[in-house]
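**Q** Take the sequences, apply the hints, and build the full model.
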Amino acid sequence: MSVLADRLPADVTSLVGRRAELAELKRVLEESRLVTLTGIGGVGKTRLALQVAREVRRAFPDGVFWVSLAEVGERGLVALTVMDAVGLRTMGPEATTVLVDYMRDKRLLLVLDNCEHLVEACADLAAELLPACPGVRVLATSREVLDIGGERTFVVAPLPVPEEDEGPDRTPTAGAWSGAVADAMALFADRAAAAVPGFEVTADNAWAVAALCRHLDGLPLAIELAAVRMRALSVEELLRRQDERYELLTRRQRGTPLSRHRSLRATVDWSFELCSPEERLLWARLSVFAGGCDLNAAESVCAREGLTRDAVLDVMAGLVEKSIITREEHHGRARYRMLETIRQYGREQLRDTGEEPELRRRHRDHYQRLAERVQEQWFGPGQVALFASTRTEHANLRAAMEYSLTEPGQAPAGLHMASSLWIYWIVCGLPREGTVWLERALARNEEPDRIRAVALWAASLLNIYGGNPAPETGVDEVITMAEESRRLAEQLADPALVAHATYLSGFTQLRGSDLAQGLSVINDGIELERAFGESNPHLRFAQFMLTVVATQCNLVDVVVTVGEECRTACRKLGDEWVRSWISLYLGAVGVLQARDQEAENHLREAIQLKEPFNELLGLGTAVEFIGWCSIADGDVEKGTRLLGAATVFVKQLGFDFDTYLPPGGWGGRRDHRTVVAEAKASLGEAAYARAFESGARLSQEEAIALALGTEVVPEKSTAGPGDSPLTRREEQIAELLAEGLSNKEIAERLVVAQRTAETHVANILTKLGCTSRSQVAVWVTQRRRAAAERRNGDAG
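Letter by letter, the sequence shown follows residues 298 to 1093 of the working numbering.
Calculated lysine-lysine pairs in the DSS-like style (CA-CA distance at most 27 Å, straight line): (1) Lys1064 - Lys948; (2) Lys977 - Lys935; (3) Lys948 - Lys977; (4) Lys403 - Lys1064; (5) Lys323 - Lys403; (6) Lys323 - Lys1064; (7) Lys948 - Lys403; (8) Lys935 - Lys948; (9) Lys1041 - Lys1064.
If you are wondering where the hints come from, they were derived from the structure by calculation, not from laboratory data. This one's a predicted model, so the numbers in the text were calculated from it and none came from an experiment.
**A** Right, dumping it as structure tokens:
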């Protein structure tokens, strides 16, 4: 499954010009396994990388993955960020080892964007991956080369511009220039037309457009910022003003070695000076955000002296109009983002005002409140929306923790924040990253207080949760960490924390070797939690942990008794995440005890609850078990397809069901190998292989539909054989896009999560090379017309 995030809105990501560079870059990428795009800021490295990634995706059957590093401040997070982008959801050993194991037999492309501040870490990662994974290629964008063996450097130069001329009489039409030289003018014309509908390069203004592009040294960002000014100025006025700005900056920066840097600086300076005082303030203050922000965050962090909270929205709209920030939409909410060059300029301005320390603290405080809200509200209604909104803020959460752990005196806040996010790290499949933050924070805050006790609890939970402690933290050390948390809780006379530490201590012992002792301690912890009321979310989480172990130990009565109580309570609380796991384990014991119809109902409920969280392990396990049920019921071909479909999920986790569901490993009379043997005996080896591969080729959504019994049976295709790059489901969604439906409306029409619909829309844009929904509608219309012509031809 290809993952290519749209980092910029459609009207900005369209690539005007650059066709020659694009073709050459594709050729270089075919010949070299590591290609680094270099060039000055604003020259278009990211945009070119994004476009080439779109166009070469068919050459990489295992995916094209976009990894944004601009917001990553810690070298230790580079490999974890790549894991997240690729979709790996396992803690396992060291992150690079997980990546190598996963990519060893894959053909995929990694695009590492904005590497310049992490050159050494990116170089180390590429040096580990490329020799061990022959089908992997890396495309990097950086102002510095990675400087490792086998690297090909591709210098992204500014757009070619017309040569010097003597004025209007020498340039009668825009067509006087052809080929690459026209690219800069074409870009200006495209962006100017967006600002002033109907604008075009004519015989009267072509000389001014050419001169302006020449003065801007063909830098795409400078050209785009200048074109926005067409709302207020003619081309000739724009040229005259730009000349003045350039000459002023040249006098101020005579020591600057590259005129192109001065050209961009002059343009950005001019854009800044043409902003109102409030817009300048907001531009500078918004630079503290990583990965963008929504309006609420902007109001919370940026509204202070000189800018009221009520004014932020109008000022934000002004910056959007001036193309300083771009507006995107995520989960029905508007978000605002700056290009990295613009953001860094804003950070300079913020530093000059002396406001940077205060704004970074306000930013941290805002996202600390988000982390606290996650901890307080997770086990209740609105869980899916809270998950989606928090996931969107991942880069800002990182930035806030980085500030806390590097700013003197702020380490306790960082420790509190990292531990408050414990459930977020688990649900997102990022326990390894959570342990990185917690271990850094614990090392900076050794005060034996409640903050440390909670952090020790969270760190031991994250280390043990996936059944695989971090390489530097063995099981014994995790048990010791949990016990330290418990001792601190007792010293602090904090009964709630004592209860949390007790059930976790039992779970860590269960994951070690003392089964009887572990079961006793975790039950003690559950009873301590019960004293805080039936609505206590930790009571339900402790019961969930007990069902995990009880299922694997074949303690069926424990699973059923505890599971049913927990599931009923979760319904009342509105907790869909814990309920999804309880339903899965109730289904698992049903399968292992051959109660297939009852088990299937539980498993389907688990899938429906888990899908919005995209929990690959739970989804894959449920699909696998439903396959067992189908085979036991006699529908062996469907069951075998489901076994193949289950691999769609777990192949991103680095394991298979042979190892996850080994003989006797889950305590039942059935295991993965037994079920496979039954299916092969029924179908024969060849038919089994065909059915299994048919399931393995499904998309995640198609696999879920097959498991739920809602598989879409497509109408007879109106397309010619092999002329569409889309899956059947994507073609269906493309038709709905052509009808003008929003992502939310598509989700409602198809009865899927909005997040799922958004993912499909992004994939459709990527596969078709489109940059807007309207272009998809044109593609659908053309296909319909072609299908009608074929039908008419057949009838004739």
